[in-house]
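**Student:** As a plain string of letters, each chain reads:
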Amino acid sequence: MASRSVDMTAQPQVVDIASGGSVEDFVALLKPRVMSLVVFTALVGLVAAPGSMHPVLAATALLCIAVGAGASGALNMWFDADIDARMARTAARPIPRGRIAPDDALAFGVVLAFFSVLTLGLLVNWVAGALLGLTIAFYIFVYTMWLKRRTPQNIVIGGAAGAFPPMVGWASATGGVSLESAILFLIIFMWTPPHFWALALYRCRDYERVGVPMLPVVAGPEETRRQILIYALLLAPIAVLPVFVGLGGWLYGVASVILGGAFVALSWQVYRTREGRAGDAAAKRLFGFSILYLFAIFAVLLLEKLVSIDGTVVGRMLA
Amino acid sequence: MSEKESEKRRRMRSIAIAWALVGLAALFFVVTLVRLGANVGNRAL
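Chains L and B supply the protein sequences, listed in that same order. Quick note on my numbering: the first sequence kicks off at 1 and runs consecutively. Quick note on my numbering: the second sequence kicks off at 1001 and runs consecutively.
So here's chain B without its partners, still in its complex pose (with noise of 0.2 Å):
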């Protein structure tokens, strides 16, 4: 195999990581305000 196809291999696989860890925190995040509900505003000032 070429440099240059293992070095865009090698990018490719950053970029699914990169994406996968996104992904975890956005779901992360959204579920956080799922189960939160209405209780995201109910807090005292």
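Same shape as in the complex, but just chain L (with noise of 0.2 Å):
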């Protein structure tokens, strides 16, 4: 997720696509650090569904969700390559460098999609394949193809497809869907947008430069500062709902109160905080911390969970 620098104004250093990409530009294909809270969320999701599981299973599931991931980030990056290679954030990425041949990228994606939704059916159980392949068909054709180019709703639509892996988590574990997935789902779909309209408020005139009709870019900063704090303050509230489930217990209540209070501060300060660089700072503090956020209150939950197997060692450290 974090920002490089790239000299746009350098030539990109094309290698011979024609010996193909080393393993390592395979390796960024898949967007790793985008799939590490893939793969943590979906593990939240497999952690807090009732029963148990078999780790080898479990283990299964997370690679699948893992592989699946990475199958979405490599098609992005196949069908995004003529505008990452004129973005600063995206330049430095294998296919506008000339690393990977655009269709050996597709290939890739393809491949890994097939098998690990394959693989996920066939070992754990096919309404978790479903979701997953619901999940990377949603992030290719939904976001990537028909939203991202044409509405600034791209990431408030397209943003679902990144609130699937708990849900594909939890069906691993149950072999279905619940209100408490559904929940989980709900925290991740309602964070998704202040999360990338925060980037795009300092990346505005790079999204502006390639066409893609971001907030800021069609309805100006002004509107995108107060989407940001509408959704931060229904976000808030939202992430305190698997108390009223029975999915979070005391310490997450606390946690995603505190987190959700945080999230809003944060919110209005960009809201706040107009011009120049100040403004852009507050955006990246927002930006920054949302992905603390999210990984916080996950790992709350999933912290609760596995205190809850193990016994009662919160109790015991508490007497």
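Because the hints were derived from the structure by calculation, they are not lab data. Hints are supplied without guarantee of correctness; some may be wrong.
Stated by the list, open to error - Subject to a maximum C-alpha distance of 30 Å in a straight line, what follows is the list of computed DSSO-like cross-link-like pairs (lysine-lysine):
#1 L/K284 - L/K148
#2 L/K148 - L/K31
#3 L/K31 - L/K305
#4 L/K31 - B/K1008
#5 L/K284 - B/K1008
#6 L/K284 - L/K31
All figures in this text were calculated on a predicted structure; none of them were measured in a lab.
Mind docking these for me? Both chains are given alone in their own frames, and the hints should help you get the complex.
**Tutor:** Printed below as a string of structure tokens:
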């Protein structure tokens, strides 16, 4: 997720792509940092689900979800190579750098997507397999190909793709979907717009240059700041919902309220600080915090569940 | 890119694909054992 500055005037270091990319280039196609957040949220969905799951099957499910997420990343990079080449944040990716041929990236992504869904379906269960297939298809066809270049609501609707992993994890453990897993979905779904719009606020020119209608480009930074605040105000109470369905305990309740408050406070700063570098700095702070926020609330859910599996560790610590 | 470097990349990719296939076969084998569990030894003689 972190940005990398690239000299946009420099010529791409075009490698002889007929010889293909290195293994490291193909790993980069998988978007490993995005993959790590996907695997983590899926792990929480899997562990938070009722009942028990054999560790080998749980590890298999996570591996399939990781590979599926990587396949989505590769297919996204294949389709978006033209705009990636013209944006500072993405110009160093393997395809715009000329290190991997677009066709190779396409084949790589399709093969990984196919095998991840098939393996999850065959070895774990077909509900999870179908959900993983839906997630990949949604990310590629709905977000990348259809919405991204057409509407400023691209990441609002497309954000669903990033919200599915905990549901896939939950389905891996239970063979179905439920209100609890839908709430985990909803948390990430509501988190995605303010997260990406904070980034878009200080990367606005990049998106404008390549014609991607991100909200700051189409509606302006003022409206984007307002929308960020609205979503933050909705996200904070939604993130407390797990307490009311028995998914989170008191520790999660306290953590989600504090973290939600911090999210709203930083969004308020973004809303109020509109000019120059201070405005960019506020947006960068919110973007950085949003990653920590999602990680933290899911980590607390995981912690509570692991502790409850092991008896009353917290109870003993507090006694 | 030199011929040697190109050859090296191709070789590394081939090794990575081979390991991925071996891993996939091992995964199916292990999960089959896990799913069958104690029933592996429960068959008519």
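**Student:** Give me the numbers of the hints this structure contradicts, sorted from smallest to largest.
**Tutor:** Hint check: 5 fails alone, others pass.
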